[in-house]
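Chemist: Listed below are the residues making up each chain.
2 protein chains.
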Amino acid sequence: MSQTISPKLTYKTFTFETGLDWDAGRSGSLSAEGKKALRVTAPPVFRGEAGQWTPEDLLLAAVDACTMTTFMALAERAGTNILSYRSSAEGLAEFVNGNYRFTRITLRPTIEISLSTDENKVREILDKAHHNCLIGNSLSADIDIQATVHKTA
Amino acid sequence: MSQTISPKLTYKTFTFETGLDWDAGRSGSLSAEGKKALRVTAPPVFRGEAGQWTPEDLLLAAVDACTMTTFMALAERAGTNILSYRSSAEGLAEFVNGNYRFTRITLRPTIEISLSTDENKVREILDKAHHNCLIGNSLSADIDIQATVHKTA
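The listed protein sequences correspond, in order, to chains A and B. Last residue of the first sequence: number 149 in my numbering, and the count goes up by one each step with no gaps. Last residue of the second sequence: number 149 in my numbering, and the count goes up by one each step with no gaps.
Looking at chain A on its own, in the form it has when it is part of the complex (with noise of 0.2 Å):
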């Protein structure tokens, strides 16, 4: 006797695009449709321009971002209201097997509840986030989060 096994979800698949120009040295302008273009640069260490957005700060941005927004939707769902967010993230990078890669990086969400909302529900919607996010889950560093839960009256 055989037996067949359906599966019930289907899952989309998603593709994302954007543009880059050089223009000088290790600078040139980032671009998606329909959005404002940004200027791009090396890290001054690595012999880029000053006061301008690098691969490295986008990419903590975007693992930051990412977190926040799967947070805010999670939330949104479970009906849990948020006063405030904010985060920083920090990137570690190390020389590994002839390279340079992030191996850590930490994010540290403050995030603002009123009194009657549930802390621990709180946390454990971050924490699913946290595994949730496009992002990081694209990444091979290891990622902390370390947040801090406020409740405001």
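Derived by calculation from the structure, the hints in this document are not laboratory data. Yeah, the Cβ is synthetic: ideal placement off N, Cα and C, and Gly gets one too. Honestly, I wouldn't trust all of these hints.
[Said to hold, decoys possible] Per the computed footprint, the stretches of chain A lying under chain B, defined by three or more beta-carbons under 8 Å from a beta-carbon of chain B, are: (1) 38 to 49; (2) 79 to 85; (3) 108 to 121.
[Said to hold, decoys possible] Result set (DSS-like, lysine-lysine): computed pairs, CA atoms no more than 30 Å apart in a straight line: (4) K147/A with K117/A; (5) K117/B with K8/B; (6) K32/B with K31/A; (7) K32/B with K8/B; (8) K117/B with K31/A; (9) K117/A with K8/A; (10) K31/B with K32/A; (11) K147/A with K124/A; (12) K32/A with K8/A; (13) K117/B with K147/B; (14) K32/B with K32/A; (15) K31/A with K8/A.
[To be verified] Here are a few chain B residues that sit away from chain A, every Cβ distance over 12 Å (derived from the structure): (16) D17; (17) A57; (18) T63; (19) S110; (20) L111; (21) T113; (22) D114; (23) E115; (24) A137; (25) T144; (26) T148.
Following the hints, put chain B in place on chain A, whose structure we already have.
Modeler: For chain B alone, kept in the frame of chain A given last:
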């Protein structure tokens, strides 16, 4: 008889940091010290705001720009003159082992060189840039570079 092997090189570590401040919905403001703030949101398909950079865009932009800045540094060191460099990055996100992640990122640089520049040398430098790119080395996705090299009189 024992032999002690002393490493000849020591490798530095680097840290990078960014900030994030949520305002409403799935949107917020990204910051990096001394740099202009950048608005971020979820992609429209995940109910973000239209016309703003998303974490997915930022990740693709980071790997494309890192490959370019690494390429420019190596080309400069090799004394190879580059006339122009434009590129696009396309990322495919798929559902794998219970989560969405980028499984493949394709970079399509178009590089313009003079008639007297060795095209094979340029392709070798690009290949080296690909393997030395800090961002690419931090991702679990496969990164495919499809380069076009043009000669201009």
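Chemist: Which earlier hints turn out false for this structure, listed by number in ascending order?
Modeler: 3, 8, 16, 17, 18 and 24
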